[in-house]
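Novice: One-letter residues, chain by chain:
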Amino acid sequence: MRNRRRSFVVGAVGLAAGLLLTACSSSSDSSSGSDDSAAATGGSFSMAIEKPQALTPTNCYDLYCAQVNRTLFEGLIEFQKSSEGALEPVKTDLAKDITTADDGKTWKIEINPGFSFTNGEAVTAQTFVDTWNYAAYGDNGQQLGFVMGPDQLNIVGYDQVASNKSKKMSGLNVESDSVLTVELEKPMGQSLFYNFLGGPQVLPLPSTAIKDPKAYEKQPIGNGPYKLEAPWTNQGMTVVRNDDFAGEAGNADEIEFKIYADNNALWADLQANELDVASTLPQNALVQAESVLGDRFINDEGGLQYAYYGYPVNDPTFKEKDVRVGLAKAINWDEINDKIYFNTRTTATSFAPDTIPGGGKDVCGDSCVFDGAKAKELIDGAGGVPGGAVLIPQLANETGDVQKAICNQIQTNTGVKCTPQIYKDFGELVGAVTGDKATKGLIYGLGWIADNPTIQNMITANFSSTSPYNDLGYDNPEFDRLLQEGNAATDTATQIEKWQQAEKVIYDDFRAWATQFRNNIGGYSTRVSNVDISPDGIVDLSVVQVNS
Amino acid sequence: MSDLQVEAQSAQAAGPESRTVAADAWYQLRRNWVFWVSVVLIVGISAIVLFPGLFASEEATTSLTGGCQLEDSLEAPGDKFLLGADQQGCDVYSLSIYSARTSVSVGLLTAIGTTLIGSLLGLLAGFYGGKSDSVLSGVTSIFLGLPFVLGAVVLLSSVDLPDIWGVVFALTLLSWATAFRLVRAKTIEAKGQDYTLAARALGAKDLRIMFRHILPNAIGPSIVVAVISLGIFIGAEATLSYLGLGIQPPNTSWGVMISEAQNAFFTAPWVLMVPAGFLTVTVLAFILLGETVSDALDPKLRK
Amino acid sequence: MGRFVVRRLLQIIPIFFGVTFLVYFLVSALGSPLDTLSPQQKRNPAYLEYLTEQFNLNDPFIVQYFKYIGNVFTGDLGTTFAGESVTEIVITRMPVTATLAGTALVIELVLGIVIGVVAARRRGKLFDNASLVIALIFIAIPVFVLAFVLQWLFGIKLGWVVPTGISEGWPLSYIVPAFVLAAGSLAYVIRITRQSLLETLNTDFIRTARAKGLPAGTILRRYGLRNSLIPVVVFLGLDIGALMTGAVVTEGIFNVPGIGQQLFTSIKQQEAVVIVGIVTLFVIIFQLLNLLVDVISAALDPRIRYE
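Line order of the protein sequences matches chains A, B and C. Under the working numbering, the residues of the first sequence are numbered 159 to 706, in order. Under the working numbering, the residues of the second sequence are numbered 896 to 1198, in order. Under the working numbering, the residues of the third sequence are numbered 17 to 323, in order.
Looking at chain A on its own, in the form it has when it is part of the complex (with noise of 0.2 Å):
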């Protein structure tokens, strides 16, 4: 799990995505030509990403380092499909125990031995300390640092680590070499707990790192199934296999990241056969993916990010819940998901997928059913739209199909003058719904990626009144109070059925609406099977196979 990012999966493509999950693809039955027994291991292939920000986990901001981190560390808790589809947080090879014995206030870890750096220093508890404490120091701007804050573990200590007044977070605690102790400040279920170890932020960082990160940036030395030779460029990177590596060992002997700025010169390669594995394609290459790659086309169902819209508190515009419905019912989203993002988009009735465990209900009901006649009905019951028209917000990046399309279908069923309205980037988009200023009928829309697999974390942020990043103002007590119930649960089963009925509430109120689900889509080359997209959106790399 990592850090939430918002980021406008409304209508952009690929450059805001960023979701951290270390997920792995418990199965290998999932892709074609797994079956070639010849091409078991060796050979080398190339995977397609952006330039990652940095590489070091303690400042890996987005999907691409932490899909090269992936095959360079190996850390507590990765994340498996359960029987049910929905994923599941498992401990790795290297965690031994991780257990509770006074409900979820100290947990005590417990790590294999045998496990190393490739620089020959071995992981120990103490790395795992050493670590957390080094990302939580304020001064070492280490962007995740915060993970070890009130927003997600919330270990005892950090608040004197973060404002430099430490240097040792004092719910940290090694009690041998293979034993650590983390007393937090409030109780955690093991669901939650186990959640937030699976980031790359919380991975082990050999003591080179700390001395001297800059030279540790430039070519990390990790604990995973393969390593980096050479320092990383604009270009890429090369990972080779890690022959000492304890754990399961990779299948290719060699792979290749190569960087691409722009998705449409991927794609180019992807179809010219020159790249082997990519996991996102840009807007252009969805109409006739399928027909170029045939079975080696990726779109699958359950990505963990969804879109919303919403009506801002403070606008009057949006003051009559028919109003708020007419306009979510005059917007036929099984349309524009075919036509504008050719079948790679699944329409949203909740705010959760069903790879999340308890997602995938239809929570919303009636409300999210396009029925342009009864769209207009509502709003013409309810004295129309005040001002007559309506904004939908547009990022300066962004293609801007999706907003035109809901546009033209808001104007043609109900009448209601409808422009997409461009910002320059998010401060600008969430002064105009948070300011004095407020822009007024604009129907405010973002998108959410999952830190983690759980309802709670595709609700708090946007939602609890509490949360500083609740743009819409929203604010129902029966709603925080709800949550709050299920984060305190330690049964999973309570806890699940609680953020389900705080995510009803959300409903009833309809301030705001989860529009889609974004697939997982991709491709791969002739020369590879066996390729994947876990649902967080990293391919599991160990597994892909080079057909010889």
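Be careful, since some hints might not be right.
[As the list claims (entries may be wrong)] Below, computed lysine-lysine pairings styled on DSS-like, alpha-carbon distance capped at 30 Å:
#, chain 1, residue 1, chain 2, residue 2
1, C, K141, C, K228
2, A, K372, C, K83
3, B, K975, A, K532
4, A, K376, C, K83
5, A, K598, A, K477
[To be verified] Per the computed footprint, the stretches of chain C lying under chain B, defined by three or more beta-carbons under 8 Å from a beta-carbon of chain B, are:
#, segment
6, 33–45
7, 161–174
[What the hints assert, rightly or not] Computed list of chain B residues with no C-beta within reach of chain C, every gap over 10 Å:
#, residue
8, R925
9, F946
10, P947
11, S1000
12, L1011
13, K1026
14, D1028
15, V1048
16, L1092
17, G1098
18, N1112
19, G1115
No lab work stands behind these hints: they were computed from the structure. By construction, the Cβ of each residue, glycine as well, lies at the ideal position given by its N, Cα and C atoms.
Keeping the supplied structure of chain A fixed, place chains B and C upon it in accordance with the hints.
Specialist: Okay, now just chains B and C, sitting in the frame of chain A:
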């Protein structure tokens, strides 16, 4: 009066050698098929820009009046849509016709803007020389040294002008330097000519010399350049729109259409080819006109 | 000559300050680079504080500018948000862009002059008009449409070159993007060559040579071309600057890891430090090219004097 008539008659009688520059240019142009092609094209484009309703129906371009239905997305050319439908289900032909005004307006306004600013400053710099010339030429170097895309992005993001004015403003500010250089050079040349010296000897004021004697000689080439750059600016708008910085919704232009057409280029080429065709032909028409006129006006090229 | 060069070099100083100030000002006007971070990215107050400190975001604009310029003189062009050195970015990316622009220049030079000369010799004939129209079509087609079409044709349909990237090295990986880059200027080179050659062939000394009975080929090579090339050299010299900055679109579509690609990314992320660093460098190169053009023109034509 009679003198003029005699002159004109004798010019006709004597053939190209004794015509005035303009008459001779016209004589050359008349026989140049490229010139006529460009003229016909520009007349056609002007008609589309001024009276789009004659060529297409506006209803088909907006969902407020029943056009642009998503179910018609990427419909191939045929009975329902003459040149096909785009991804939003809008009629590509009608939309291209109604986009002409935006695209051509950007080109025209920018061409006028750059010519006015560039010529005026160029005239001043060339005429007075010295410090004001150094300063203005320095400023020109700055603008010529500024990468076009960077300048456009920054300008378009930091100024908030409605409709097409943002693009016109950015293009003008980034492009006036060319006209400046041209007029400045011509002015310096004309300043040393006998007729200017004569005017000065007769006690003419600076302003009078500049506008009565120098400008008429310098303006010809810069108008030719303006015609050519009109075409170039229409293309530049398309590039800016491709980068997501050009014309903003709900306005549309050929550039916006092309940029949106990328999504389906390989399966629905008409969505890109139609506006790109309109754009290319328009740009070409203006460039050809400028080129042929400039060719004809240049006495040094006469056989 | 020496004094001329020194004076021109001195003129670069105010231009340097003018451009860097203008760019820094405009980029600052875009807003704080922190605004481009999505709300989630802003979650770590400690990190935001670190960034604010690192990039002097709390200082008034003018102080930020002078702090930055101060560093530039020590050879430090600043660092990106991700901690990468801008100097290093420039050093690794510049050669790629230079290779691309250089290749485009060669294409312009060879094709432009050859077609221009033939067109001049057959003035008004079919070749003249046809070459003009074809060259102008290349100006009229939007560069990204041309890029897509050629990439698809040569990279995917025919498979002669790798569609993107520079993995095959020079010239195979560079030839298509370089042609796209050159296409926009090609028509100008043809026109200038043709125009200039026609003017020269109309001058008295050529007429004299012709009257003396020198063969047409000799006249063209020995007198015509040499004297006609000055405007072409001037144009090409100035065009290098345009080629390098024009690479933004081309480098993007063909995934060429050059400076234009970096520039566009940085603009989108409002990273003033990178933008100013790159633009400053462009401006200096551009000014030096201008100077070089003047010197070469003088070498080709002794009549040009340095006043």
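Novice: Hint by hint, which ones does this structure get wrong, listed from lowest number up?
Specialist: Result: hint 15 breaks, nothing else.
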